[in-house]
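Asks: These are the residues of each chain, in order.
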Amino acid sequence: MSDLVKNIFRLGVFILVQVYVLNKIPSLHRFIVPYLYYLFILWLPFTMPRLALLAIGFVTGLTLDYFKMTPGLHTAACVLIAYARPFIINLLMPKEVTEFTFREPSPRAMGWGPYAVYALILTAIHHIYLVLLEWLDFGTFLSFIIKVTATTAISMLLILTVELLFPRRMKYRTNTA
Amino acid sequence: MRNIFLFIQRYFVLLCFLVLQAVALYMLFQFNRYHKAAFSGVAQELTGKFNKQVDKVDDYFHLREENRRVHQMNDSLINLLKSNFSSTDTSIKLVTDSLKINDSTKSIRRYFWRPAKVVYGTTGFEKNYIQLNSGSKQGVADNMAVLSSNGTLVGLVVNVSPNFSEVMTLLHIQSQVQASLKNSNVFGKLDWDAKDPRFVFLKGISRDVEVKKGDSVLTSIYSYNYPPGFLIGTIASISTDKASGFYLLKVKTATDFSALQQVFVVENLQRSEQVKLDEDTKKKMDQQKK
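Sequence order for the protein chains is A and B.
Going left to right, the first sequence walks through residues 2 to 178 as the numbering used here numbers them.
Going left to right, the second sequence walks through residues 1181 to 1470 as the numbering used here numbers them.
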């Protein structure tokens, strides 16, 4: 499967799961909304140009926003993590794009430690920005802090579970490809 | 000039990022204020199609409950049939008057009810919307009330596309409903604090009114949007707002928002006239001041 087809398919699955499963499950607590859809952006190939990343982030967020009737909210957060992604990767694995032996960020490509840090930083950025935008509308500072912590924790749990349950089989990149 | 181009070239990604952020934030604030977003009509049609397909499957899980509810509704309507009552005076004969005269006793239809089906809804957020499967093609418009099939208040239509409509439920941080107590007819404002989806708060009822736990809270007669006298919920706990000296009444909603299936969209046929009169009065009073 080509990268394009694979990623379109992935976007569909992530949005549908987020909209019809994670948004609809009775919440454990009023602060906790399980978010997973932005893992799509974390999984995009290393070779993706930065402009394309931004555009994809925008489309991803907007798709979810139209389902959730919050136009712009998730879009803003997704564009932010799409912008921050190359910097974080560069920080954790300082090498050239062509030096990566795998196509996409995954625990196998980066190692569990760096991958967890990569996911944690982007998750935190996404949630802080998302909750901050909501907080401008209403809410208190305490609920802001609790909400960011709780949603980040539950999202990290979901991401690690997904990584364990669905290990992506990826071909080793060769020069011939 | 050359420097400007160099600058743009150097920071092109950053500039794109800022532009996209600005677009997103503009959409967000625009929507928070007016409940209107760019392409929301087209987007609503698309999401509605998806929601409808998923809802088709979801329906099978509620069949038993829906059957019971429909049967109960039928039962209550059948009990109202004229044939159930016999008059004690045998000389009375009912005749339908075929003459159409404009007399003052003739009643005017004020509310028109349309059936609709919920295709998507949430309860876990601060802003909860539900999507209905009928839109402007079926006659649904903004500011129409939505009631559940049991006749309890659900919310208000805020946005319509040709075949679907979005409803702001009571469980929405911006929702504000005029409500009154059944026993004393005093009215206050109902809103939600975005904490517990089972409870909303009734504010603005003065402390000299006698209030008991379990009292019914109804839609108010003073509202343009909602038909009066329909159940919103019952009082769960009573406390006083120290700042204002009014009651702070915690109201258990009569509608179970997580299990909504069939609803009614209620149109106030005189709404535009009422709103216009209201505006005209304000204008007139302003002119008199001058």
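Be aware that a few hints might be false.
DMTMM-like cross-link-like pairs, simulated, lysine to aspartate or glutamate; straight-line CA separation at most 25 Å [said to hold, decoys possible]:
id, chain 1, residue 1, chain 2, residue 2
1, B, 1229, B, 1255
2, A, 25, B, 1238
3, B, 1375, A, 138
4, B, 1216, A, 138
5, A, 25, B, 1395
6, B, 1469, B, 1459
7, A, 69, B, 1306
8, B, 1432, B, 1395
9, A, 25, B, 1245
10, A, 69, B, 1373
11, B, 1375, B, 1459
12, A, 25, B, 1373
13, B, 1369, A, 138
14, A, 25, B, 1459
15, A, 25, B, 1235
16, A, 25, B, 1371
17, A, 7, B, 1306
18, B, 1430, A, 164
19, B, 1383, A, 138
20, A, 25, B, 1436
21, A, 96, B, 1239
22, A, 25, B, 1246
23, A, 69, B, 1395
24, A, 7, B, 1376
25, A, 69, B, 1459
26, A, 25, B, 1225
Because the hints were derived from the structure by calculation, they are not lab data.
Asks: Is it true that the CA of residue 25 of chain A sits at most 25 Å from the CA of residue 1225 of chain B?
Replies: Holds, at roughly 20 Å.
Asks: With a cut-off of 25 Å on the C-alpha distance, tell me whether residue 96 of chain A and residue 1239 of chain B pass.
Replies: Violated, at roughly 52 Å.
Asks: Is the straight-line distance between the alpha-carbon of residue 7 of chain A and that of residue 1376 of chain B 25 Å or less?
Replies: Cα-Cα ~40 Å, so violated.
Asks: Is residue 1432 of chain B within 25 Å of residue 1395 of chain B, Cα to Cα?
Replies: This hinted pair holds, its Cα atoms lying about 10 Å apart.
Asks: Run the distance test for residue 1216 of chain B versus residue 138 of chain A: straight-line Cα separation, threshold 25 Å.
Replies: With Cα atoms ~17 Å apart, residue 1216 of chain B and residue 138 of chain A stay inside 25 Å; holds.
Asks: Within 25 Å, alpha carbon to alpha carbon, are residue 1369 of chain B and residue 138 of chain A?
Replies: Roughly 20 Å between the alpha carbons, so the hint for residue 1369 of chain B and residue 138 of chain A holds.
Asks: Assess, step by step, whether the Cα of residue 1375 of chain B is no farther than 25 Å from the Cα of residue 138 of chain A, and give holds or violated.
Replies: Given pair residue 1375 of chain B, residue 138 of chain A holds - Cα atoms ~15 Å apart, limit 25 Å.
Asks: Within a Cα-Cα threshold of 25 Å, do residue 7 of chain A and residue 1306 of chain B meet the stated pairing?
Replies: Not satisfied, since the Cα-Cα distance of roughly 34 Å exceeds 25 Å.
Asks: Holds or violated: residue 25 of chain A and residue 1371 of chain B, Cα atoms, limit 25 Å.
Replies: Cα-Cα ~23 Å, so holds.
Asks: Quickly compare the C-alpha distance for residue 25 of chain A and residue 1245 of chain B to 25 Å and report which way the hint goes.
Replies: holds, 19 Å
Asks: Given the proposed pairing of residue 25 of chain A with residue 1459 of chain B, does the C-alpha separation stay at or below 25 Å?
Replies: The hint is violated at about 41 Å.
Asks: What's the verdict on residue 25 of chain A and residue 1246 of chain B, does the C-alpha distance respect the 25 Å limit or exceed it?
Replies: holds, 20 Å
Figure legend: structure checked against the earlier numbered hints; hints not met, in rising order: 1, 5, 11, 14, 17, 18, 21, 23, 24, 25.
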